[in-house]
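2 protein chains.
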Amino acid sequence: MSAQPVNTGELAVVGARVRKVDGRELVTGQARFAADLRFPGLLYASARRAGVPAGKLVEVDPSPALRLPGVVAVLLARDIPGPNLIGILPPFDQPLLAAGEVRYEGESLALAVGVSREEARRGAAAVRARIEPWEPILTVEQALDPAARRIHPGGNVTYSKKLVKGDVAQGFAGAQVVVENTYQTSFQEHAYLEPEAVVAVPGGDGRITVYASCQSPFHLRGHIAANLGLPASRVRVVQAYTGGSFGGKDDVATEIGALAAIAAVRLGVPVMIAHEREESIIGSNLRHAARIRYRTGALRDGTLVAGEAEILLDGGAYASESPFVTMKAMIHAAGPYRVPNVRVESTTVYTNKTYCGAFRGFGVPQVTFASESQMDELAAALGLDPLELRRRNALRPGEGTATGQVFTQSVGIGRTIERVAEKAGPRPMGPKPAEGPPAGAQPATDGGRYLYGRGVACLLQGISNGAEGIDVVGASVQMAQDGSALVGVGLTDMGQGSRTVFAQVAAEALGVDITRITVRQVDTDAVHDSGPTVASRSTTVGGTAVLKAAREVAGSLRSMAGLMLKCPPEAVRLAEGFAMLEADPQARIPLAEVATAAYWSGFPLMHLAFSRAPDARFDHETHQGDIYIAYNFGTHLMDVRVDRWTGKVKVLRHLAAHDVGRVVNPLGLEGQVEGGSLIGFALAHLERIDTEGGHIRNANFADYAVPSILDRLPTETLVVEEPSPAGPFGAKGVGEPPVAGAAAAFANAVADATGLRFTRLPITRADIAAALAKEV
Amino acid sequence: MSAQPVNTGELAVVGARVRKVDGRELVTGQARFAADLRFPGLLYASARRAGVPAGKLVEVDPSPALRLPGVVAVLLARDIPGPNLIGILPPFDQPLLAAGEVRYEGESLALAVGVSREEARRGAAAVRARIEPWEPILTVEQALDPAARRIHPGGNVTYSKKLVKGDVAQGFAGAQVVVENTYQTSFQEHAYLEPEAVVAVPGGDGRITVYASCQSPFHLRGHIAANLGLPASRVRVVQAYTGGSFGGKDDVATEIGALAAIAAVRLGVPVMIAHEREESIIGSNLRHAARIRYRTGALRDGTLVAGEAEILLDGGAYASESPFVTMKAMIHAAGPYRVPNVRVESTTVYTNKTYCGAFRGFGVPQVTFASESQMDELAAALGLDPLELRRRNALRPGEGTATGQVFTQSVGIGRTIERVAEKAGPRPMGPKPAEGPPAGAQPATDGGRYLYGRGVACLLQGISNGAEGIDVVGASVQMAQDGSALVGVGLTDMGQGSRTVFAQVAAEALGVDITRITVRQVDTDAVHDSGPTVASRSTTVGGTAVLKAAREVAGSLRSMAGLMLKCPPEAVRLAEGFAMLEADPQARIPLAEVATAAYWSGFPLMHLAFSRAPDARFDHETHQGDIYIAYNFGTHLMDVRVDRWTGKVKVLRHLAAHDVGRVVNPLGLEGQVEGGSLIGFALAHLERIDTEGGHIRNANFADYAVPSILDRLPTETLVVEEPSPAGPFGAKGVGEPPVAGAAAAFANAVADATGLRFTRLPITRADIAAALAKEV
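Protein chains in written order, with my numbering: chain W, 1 to 776; chain R, 777 to 1552.
Isolated chain W (complex conformation):
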C-alpha cells in the first residue's frame, strides 16, 4: 500500500474512547429540545394539511377556525411577505403554504395559531379548504408518460444525470459473463425520536431568533429571511438539542421555521410549531423509493469489465435534495471496484406523494443493495466465493473510481475485506436449501425449520459535498484567560457525536483536557455559513476547521510560552494543560497562566477558521473528475438464520469493517456504525411506507415497523485506519456508510440462506415466508 501516514505524532485525546460531551445533559433530561423551550407569551401553531394528493386549491377559509376560542390567528399564503418558496436548489419549488395547487396530501394550506398546541391543532382542523381533486400521479411510470399532467411547470422530471466512463458497449463486448437484474427499494421514514419542532422569538431589536431542531441552520436562516422579506443578517438560527435527523430535519425545519417566524413577527410574540408523529411522517421528506436496472460484465476470472445502471427514483411532490441524491446514487453505482467501463443514468421524477430528500446514505444504500446483489449474482455465475470476487476487483491506491478520481492513499477497501475475512470464522450452520451444503460447511443441526446464510457487501461512500456543491465550514475557537476554550462550528450535532469529535480535536491541538473544552450549539451568528450538515463531512471538513482555528490559538499560546520559557515558540509543546519545553517537559507553565499572559500581551486568543475543501477538477457533463475529498470504504458480513415457517430473520453475526482514515472516538465510531447498520437493516427488512391512492396508510409507529432495541444487531465494528489528508489527524467520516453495507449484506445473506434472490427492499418476514412457501 502506498498510503502515507498523515500524522505520526503521539495523540492524547484523539483516538481515546471518550464519552459524549453532551451525554450528561441528554441522559439527565436537562438538555432542552426545541419543544421544551418556553418564552413569555408563547403561542403555538399548527398547519391545516391538504389531505388530498392532488387538486386545484380553490379557496381556503379561515373563518371557522377564527371563531374557535383559543385561536389567535390563521395565516394564509397571501400573508407571507416573501416569495412563499423554499427548497434546496433554484428553482425553489416548494411553497410554505400552498396557493393554487395541491401536490401531495401533506401540503400545508394554512397555519393556525393558538394559545396551546391543542387549540392550534383544533384551529388547523377547522380551517375550511375547497380543493377540486385531480387524478393523482402516483408512479414513476405515470409521471414519465408524455401525456401526464405536469406536477410542476418544468415537467415531471426533477433531475436527470448521466455518467460515462470508458466505452460500455466495448466493455460488454469483451465480457465473458454478464448478469442483469432490476432492483427496487421502498420509501423509508427517518423515524427520529424527536419530531420536528421550532420556536421563533422576535428579539425587540428588529431581529428574530429561531430555535430549531434542525440539521442545517444556515438553510433555515436564508429561507426564513427571504420569506420574511428581511435581510438575512436580521435572522438568527440557533440549533436546539436535536433528537435525530438523519437528513430529515432540513427542508421541513426550514418550512416550519419560516412559518413560525412569519407568525411571530406578525403577532409580535414567540411562536412554536411542533409536529406530532403522523405529521412528521406525512409532512416531511422520506428516503427515495428506487427502481434500478443493472447489468454487469466480467471476465471468467471475475475481473469486472463493464457496468451499466439505470436508476429511477420516486422523489414525490417536491425537489428537496433530489438533485443531489440523483447524483450521489449515480456516482456510487459502480461500487468500490475497478470498473473500466461504466455508464449510469440517474433520474428522479415528481409524483403526488410526500416528497423525498436527504436520508442517511443519500441514494447510496439503494444502489449498493442493487450493485452488491449483482456482485453476488456474478459470483454465483462464476462459481466464485463472493468475498473473493470482491477482493479481486477492489480498488487500490492509484486506481480510478467510476468518476475517474484517483486516490493515492486512504483507499482501504482491500483491508476491510481482509479484516472481515480474518474475522469471519465458519459459516453459520445449515444448508442452503437450493444448493445443499457448500463444500466444507458444517451440516445443519436444527432440522428443517431454519435456513442459514452468509452475506457480504462492499461499499464506498463519498465524504463531503465535494463537487456536488461547495464544501466550506466555519469554526471558531476562543480561549479564555483561564485556559478553557469555547468551540463553535457551523455543523450540527443531531446525535451523531460530532460535538465530542470537535472537542477532542480542539483539546488535542490545545493540549488541554477535554473537560476544558465547551462546544456550543450551532448559532448562525457565530461562524461562517457552513452549508448543510450532510455527507458524513462533520469530522473531516468540520474537524479540519476546528483544528485550523485551534492551531492558531495554540500558536499564540506557544509564542507567549516561548517568551516565558525563553525559547522559540517551536520549542514549546502544549500538553496535559501545560506549555512545556519539548526538550525538557519538566520546564512547564500551567496553560491558564500562559493564556492570561498572552491576553495581556496582546496575542489573539480567538480565531475564526474557514475550511474549504480543495478545488475539484470535475466535469458536470460526463461526471468524470475529482468529486469527493475522500471515500469511506467498507465491507459488511452478515450471518443470518431464516425461519422457514415465519420468515423471521435472526442476524447471528454482523461484521462491519470501515476504513475511517483515523478513529477520533472509538466509542462514537461504534455508535455510528451500529446506528447506521440498524437503519440499513430496517431498510432491508422492516420499514416500508405503505401508500394507497397517494395516502400514506401507516403514518404511525404501530403500523410502520421501526426497529426497536430488541432488533439491535450484534454488530462488531472493525476499524481500518488508512489516514487521509482530507480530515483532521487523517480522519474520514463514517456517519452514512454503514447503512448501505448492512442493507446489502442482509439481502445477500437472505439470498444465501434461502436460495432466492429478493430484488425488492424491504424483504419482510411476509415476503420471505410467502416466497419460501411458493418454493416448497
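Honestly, the hints are just simulated from the structure, not real lab data. Be aware that one or more of the hints could be misleading.
Pair by pair, the computed Cβ-Cβ distance ranges are [unchecked claim]:
#	chain 1	residue 1	chain 2	residue 2	range
1	W	P64	R	A1478	54 to 64 Å
2	W	S601	R	G1005	25 to 35 Å
3	R	G1005	W	E10	25 to 35 Å
4	W	E10	R	E1052	51 to 61 Å
5	R	P1344	W	V177	32 to 42 Å
Note that the Cβ used here is the ideal one computed from N, Cα and C, for glycine as well.
Given the coordinates of chain W, work out where chain R should sit on it, guided by the hints.
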C-alpha cells in the same frame, strides 16, 4: 500643521448624519432591558446590605428570611463556590458577599431569593446580621494616618504613582510667575436612567448565560466563572440594552452578575437581580472625590515652565478601577500644554465609604478643573487674556505631552482654541463685580442683580487604554448571501451610539446602505475578549476592528466581482450596494449576486478581526513614554449669568470645540458632546453625594440634584478634524472629553462673573449665594 490626511477618499456613510440604528426600538419601547426579560420559573434576588460603614461581621442569620412566604433561598458567603472576590486588578479586593468584615454601608451580606422582586426584598430585609461596629475611616487624612486601622490587609493606600518629566525644581527656579492653589471635587453618582440589572439563565447544557445591563461583558464572564468555579468557556454574557452606564455598570454588574449566576446554578432556574435607585447609588461605584494641590510656574510672556500636582483621591472601600483613575488623573494633570518640567503624584486611598471607580472622564475632569483654574489664575497674575495664555502654550505636532509622547499629527488643540475664538463673539453683558467692566466689554443692562462672566477651558483626554493595560478589540463581520451583513463587536453600546458608528464603518467598507447592516448586542461567545468598554476607545479601537473585518469581507467580494466583471479585484469598487468597475461605474452587479456567487465559489464571507493598539514604549516607573494611541483635544467656552440673590447660574452660551480626528456621525457626536457637557456641568454645579458618618444621605433623586431636561445646556458643538491614524478613517473618540471641558469652563466662568475663585466642586447655588453675600 504637519498633520497628513489619513483618508482622502470620498466617503458615503462615514460623516453622514445618521439616526441611531437602535433608535427605533428604543423610542418605541420594544428594546428589552435586562429587567424586562422574562423566563419560565424566573426568581428574583435582593441583597441584604450592611447598613453600617465598618465593623466586624459576627454572624449572618438567614432563618427569619427563610420563614417568610415567597422566599426560596438565602445565599451566604459560604455558598459561593469560588473565591468570593471581584475587582479590576489583582489582588481582587471586593467580596461578593462580605465575610468577616464590613467596609462600607452598601456591603452585601446575603442574597435573598424570592418569587417576586418584592418578596426577595422583604427576604433580604429579614436576614439578621450581627455586626460589631468599628469607628469608620471617613476622610483621606484619617486613612493616611499611620495609626489608622487598615481597611485592607495591604494598608489604606489603594494605589500611588508618580510622574516625573524634566526637572521641576529647576523649572520653578526659572519661573517668573508662580501660582498655587488646592482644589477639591466631590463624589458624583452616574445616575443612569436604568438602574443595574442582570438575569442569569442556566442553559441545560452545563453553561450559564447572563443577560446584563453592563459595560464590560468580558469582565463579567471572567468573574462569574471564577466565582462559580466553572471554566470561563461555560459562561456566556450577553449585553441587554443598557440605559446608560458612564463607567458605572462594570464592578457592580460583575457583582450582581456573579451573585445571580450562583443563585441560578444552585437553584437550577433563572434568577434576576435588579436594583432600585437607592441601592444603585449606595451599592455601586461613584466618581472619586479629589483634593488636588497645584503649583504652576511661567515666564512673564505666559510660557509654562513647570507644573507640579499632588492628587489625592478618596476611593472608598474597594479598589475597583482606582488604579487606572489614579494613573489617568496623573497623566492628564499638565493639560494640553507644552510643559517642560512636570511632577505629579497621584494617590487613591481607601475609606469606609461607597467605593469609587470608573466614571466618564475617569479622573480627568477633576484634574482639568484644577489645572484650568490654575491657568486662569495664571492669566490673571500675568494680565493675559485666558484664551491667549492657552493659545501660547497649546501643544503642537511634534511636541511632547507630560509623558513625553510626541504626536506628529492629529494634535488639534490649537485649532479648537481658534474655532472657539472665532465663534466666541462679544462677552456676555455685565461687569465683573470685583474688577469692573473689562476693556471693550458692553456695560451691564440689568442693574445689580446679575453678574456675567465667561470661562474657557482647554483639555486633552487620552483615547484608548493605551499603556494602562492592553488595548485589544475583537469584531466580526459576516455577510449573508443576500448581501446584508451582521457585525459583532466586543464593546458595548450603553447609549453612546457606538452601534451606529460600527454600522457606518461596516457600511462604508462594504459599499452598502446602512440598513443592510445589523450590529449585534455584545455576546462574549462571539468575539475576542475585548476588555472593557472604556476610555473613549469604541470608535477608534472598536471601529478599527470592524473596519479590518469588513475589509476582509470586501476583499472576497472584490475578488468574486473581479471574476464576474473580468477585471482584477483592485479595479472593483463596492458602493451603493453594487460591485462596479472603478473605471466604469455603469458596469455593476448587485452585491447580493456577488455575495451569493462568492459563497458558492468558496470565498470567505465572514471574518473575525483582532485589533490591537500598537505596542507602546512606556516606562511605568517615571511614566514617560507613549501611553495612548491618540488624544482628543478640546476647548470649551461658557458664558454665564449669575443671580446674586439666589446663586443661580444660567449658562447663556456654551461652545465645545473638539478635535475628533474625523466625524463619523455628526448627530451622534453632538449627542456625545451635549451629554458629556451636561455631566460636567452637573459635576461643577449640581451634584454632590452627601455623606454623614459613612452614610449617604441623599441616595435618591429628590435630594440628589441630577440635571433635568430643563438644565440642558445651549451647547454648540464645534468640530475640528485632524485625522489620526489610530482610528477608522482618522476618527478619534469623544465620549469622555466634554465632561472635563464643561466642568472647568463653568468654574472659570463663575469665577469670571463673581470675581471669586471657588476651589471646590460643585459650586452650588448655595455656595455662590453664600460667598457673594459674604463679599457684600
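Here is how each hint holds up against the structure:
Separation of W/P64 from R/A1478 is about 58 Å and conforms to the stated range, judged on CB atoms against 54 to 64 Å. Checked against the hint of 25 to 35 Å, the pair W/S601 and R/G1005 passes, with Cβ atoms roughly 27 Å apart. Roughly 32 Å separates the CB atoms of R/G1005 and W/E10, a value that falls within the hinted 25 to 35 Å. Distance hint check for W/E10 and R/E1052: the Cβ-Cβ separation is about 59 Å, which falls inside the suggested range of 51 to 61 Å.
Separated by about 59 Å at the C-beta atoms, R/P1344 and W/V177 break the suggested range of 32 to 42 Å.
The earlier numbered hint that this structure contradicts is number 5, and it is the only one.
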